[in-house]
Amino acid sequence: MTAPFRKHALALATLLALAAAPFLGFGDGFALSLLARAMILGMAAVSLSLLVGGAGLVSLGHAATMGIGAYTVVAFDAAGVSEGLIVFPAAIAAAAAYALVTGAVSLRTSGVHFIMITLAFGQMAFFTTSSFSSLGGDDGYTLYARTEWLGTRILDNRLTFHFLCLGLLALVWVGGNLLLGSRFGRVLRAARENPQRALAVGFQPYPYRLVAYVMAGAVGGLAGALLANATEFVSPALLSWTRSGELLFMVILGGVGQIGGAILGALAIVLLEESLSHLMVYWRLVFGPLLVLSVLFLPDGLVGAPLRLRAAIRFASPKRRNADA
Amino acid sequence: MPDPLLELRGLSKNFGALTVTSDVSLTVLPGEIHAIIGPNGAGKTTLIHQISGTLRPDRGTIRFAGQDVTALPFERRARLGLARSFQITSIVPGFTALENVALAVQARSGSSFRFLRPVANEKALNEEARAALDTVGLGRVADRGAAALSHGEKRQLELAIAIAMNPRLLLLDEPLAGAGPEETERLIGILRELRSRYGILLVEHDMQAVFALADRISVLVYGRVIVTGTVDEIRDHPEVRTAYLGEDALA
Ligand SMILES: Nc1ncnc2c1ncn2[C@@H]1O[C@H](COP(=O)(O)OP(=O)(O)O)[C@@H](O)[C@H]1O
Ligand SMILES: [Mg+2]
Chain A
11 MTAPFRKHAL
21 ALATLLALAA
31 APFLGFGDGF
41 ALSLLARAMI
51 LGMAAVSLSL
61 LVGGAGLVSL
71 GHAATMGIGA
81 YTVVAFDAAG
91 VSEGLIVFPA
101 AIAAAAAYAL
111 VTGAVSLRTS
121 GVHFIMITLA
131 FGQMAFFTTS
141 SFSSLGGDDG
151 YTLYARTEWL
161 GTRILDNRLT
171 FHFLCLGLLA
181 LVWVGGNLLL
191 GSRFGRVLRA
201 ARENPQRALA
211 VGFQPYPYRL
221 VAYVMAGAVG
231 GLAGALLANA
241 TEFVSPALLS
251 WTRSGELLFM
261 VILGGVGQIG
271 GAILGALAIV
281 LLEESLSHLM
291 VYWRLVFGPL
301 LVLSVLFLPD
311 GLVGAPLRLR
321 AAIRFASPKR
331 RNADA
Chain B
195 MPDPLLELRG
205 LSKNFGALTV
215 TSDVSLTVLP
225 GEIHAIIGPN
235 GAGKTTLIHQ
245 ISGTLRPDRG
255 TIRFAGQDVT
265 ALPFERRARL
275 GLARSFQITS
285 IVPGFTALEN
295 VALAVQARSG
305 SSFRFLRPVA
315 NEKALNEEAR
325 AALDTVGLGR
335 VADRGAAALS
345 HGEKRQLELA
355 IAIAMNPRLL
365 LLDEPLAGAG
375 PEETERLIGI
385 LRELRSRYGI
395 LLVEHDMQAV
405 FALADRISVL
415 VYGRVIVTGT
425 VDEIRDHPEV
435 RTAYLGEDAL
445 A
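Quick note, the sequences are listed as chains A and B, same order.
Taken in order, the first sequence gives residues 11 to 335; the numbers are from the numbering used here.
Taken in order, the second sequence gives residues 195 to 445; the numbers are from the numbering used here.
A couple of the hints might just be wrong.
[Stated by the list, open to error] Pair by pair, the computed Cβ-Cβ distance ranges are:
id, chain 1, residue 1, chain 2, residue 2, range
1, A, Met-134, B, Gly-339, 56 to 64 Å
2, A, His-123, B, Ala-318, 38 to 46 Å
3, A, Met-134, B, Arg-311, 31 to 39 Å
4, A, Leu-26, B, Pro-287, 45 to 53 Å
5, B, Thr-422, A, Val-305, 27 to 35 Å
6, B, Ala-265, A, Ser-287, 56 to 64 Å
7, A, Phe-36, B, Gly-339, 35 to 43 Å
8, A, Ala-29, B, Leu-274, 49 to 57 Å
[What the hints assert, rightly or not] Which residues of chain A face chain B? A partial, calculated answer using Cβ under 8 Å:
id, residue
9, Lys-17
10, Leu-188
11, Leu-189
12, Gly-191
13, Phe-194
14, Ser-287
For the record, the hints were derived by calculation from the structure and aren't laboratory data.
Since we're looking at a predicted model, the values are computed, not measured.
All C-beta atoms in this analysis are idealised placements derived from N, C-alpha and C, irrespective of residue type, glycine included.
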C-alpha cells in the first residue's frame, strides 16, 4: 500500500492543495479563474499523458479535441441551448468522434509520421473553426450564458465551478491510473515498449490504441466544454498547434512516467505564465530555455523531482562518503 | 503417420536479387523436434519470420494445424497456437518477469478490453504465469524487472512467454545463443521436457544440442533445404559434411 501511495503522493498533495486553495487566500475571482484554467488544462494534459506516457503516442493535435468540446458549447449557445445534460455529453461525443476518425487514420503510422499527421488534423480543425462565420470566425465567440444544469445556473458560482473542475480532474486522474493498471492498460504499455512482443503473444495494438485515443479525445472534449464556461469566450486560438504544443509541454515538464505529472505541469505552466507575463513583455522567450532546463535536469519531470532530490542528497551526504572511504 | 502440425510447401522469398528462401518444403509433426541447421546467412531466421507471419513469402503455402495460414498476420497466427522466440531477445523491459509472462496468458484468457480492474491482482493470470516461469526455472526471479535479468535469464523468460501462450508449435530461433554451459544444459533439459507437449521447430547452431534433441534435421544452404533426415543420416551425409559441418566438426 505504501509504495503506490508514495508514487502518487505528489499528485495527491497537489489536488488537496487545490481543494484548500479557495480557503487559503486564493478565493477571489481572479485566483479562482486562474486555478480553474490550470485544472481544466490539467485535465486535457492528463488525457494527453495517457497517450504519450501510457501508449507511447505523441500527439501534436490534442488541443483540437479541447477546441471541439468548446465549440460544441458555443454552437449550442448560438442555437439557444444551454442545458448541460445536452451540451456536455454532446461536447464529449463530438471530440470522441473526431478522435475516432482522425485516430483511425493517424494510428496507422508511428513515430514522427504520427506526430505530423496529428498536427495536420489539428490544423484542419483549426481552419474549420476559423471559417465558422456564424460563430465569430477568427474573432471568436462570446458565450451568451454559462451552461445550465436542469435549468439552474450553478456554474455561475465560482466556488462551485472550482470544485466541479477539481472533482472532474481527480476523476480523470484516478480513472487514468486505473486504466493503465488494467488489462487494457497492460496491452497499451506492452505495445509501447515492444510492439513486436505484443504481436508475438497475439495482441494487435491498433484497436487498443484507437480506444485509448478516443478516450483521451473524450476527456479533451470535456475539458474544452469546461474551458468555454470558464472563459465564456471561445476562439480558434484554442485549437492552434501552439496550444497542442503547450499541452505536450505540460506533460513533459510534469513527467511522462506518471499521468499525475501532467497536473503539476499544467499548474506550473499556468501559474508561471501568469507571473512571468506581469514581469516582462517577452515572457514567452523564457519558456523555451525553461523546457530545455527541465528536460536536462528533471528527466522524470516534476513528479520525479523529490526522488531525484533525495538521491542527490544521499549522494552528497557525508554519511555516504564515510561509508565509501 | 499423423497429420503434420506444420507443413511448408514450395516456400520462396527474395530480397531484391538475393534469394533467401528457395522452394522450401518441410513438415513438423506433433511432438516432434525438427531442427534446422545451416551456415550464417542461410536464411534460417527469414524462414522463421515467414512461418510466424512477420514476413510474407513470395510464393508457396504455410499450413498450420490443418489450416492455410499463409495470409494470416503474425498476431492471428499466435492466437492459433504458433509461438515463436526471437534470435535477438524480445521482451518488455519495463515489465517484471511475471508480467511479461502474464501478458501472454492474458492474450488467451478472455477479453482485454477491460478498463478498471487492476490486472496485477488477477490471480488466474498470475498463477499460470508463475507455473510457466517455474517450468523454465525462473520462479525465483518472477518479481524482478525483466531489464535486470541476465542474458541467459532473458532467453529463458522468452521461452516461458512462449510456453504461457499454450501453443501447439514452438518456433525457436537459436534459443541457446549466448547461453553459458550450465544454462545450455538446463535449456536442453527444458526443451526435452517440452517436446511431448508441442511440436518444435528449432533453429540452432549448437550441434551437440541439435544432435541431442532433434528427431529430424533439415540442412539449409543458400535458402534451400539440401537434405532432411534423422540425426544419424545428417551426421553421415557427405554433402552436409562439406557444405556445412566441416570434417573436423565431426571428428
Ligand atoms: N530485410 C532484409 N533485407 C535484405 N536482406 C535481408 C533481410 N533480412 C535478411 N537478409 C539477408 O538474408 C540472408 C539470410 O538472413 P537470415 O535469415 O538472417 O540468415 P540466418 O538466420 O540463417 O543466419 C542474409 O544474407 C541476410 O543478410
Ligand atoms: Mg538467424
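Problem set entry | Structure versus earlier hints, numbers of those that do not hold, lowest first | 1, 4, 5, 9 and 14
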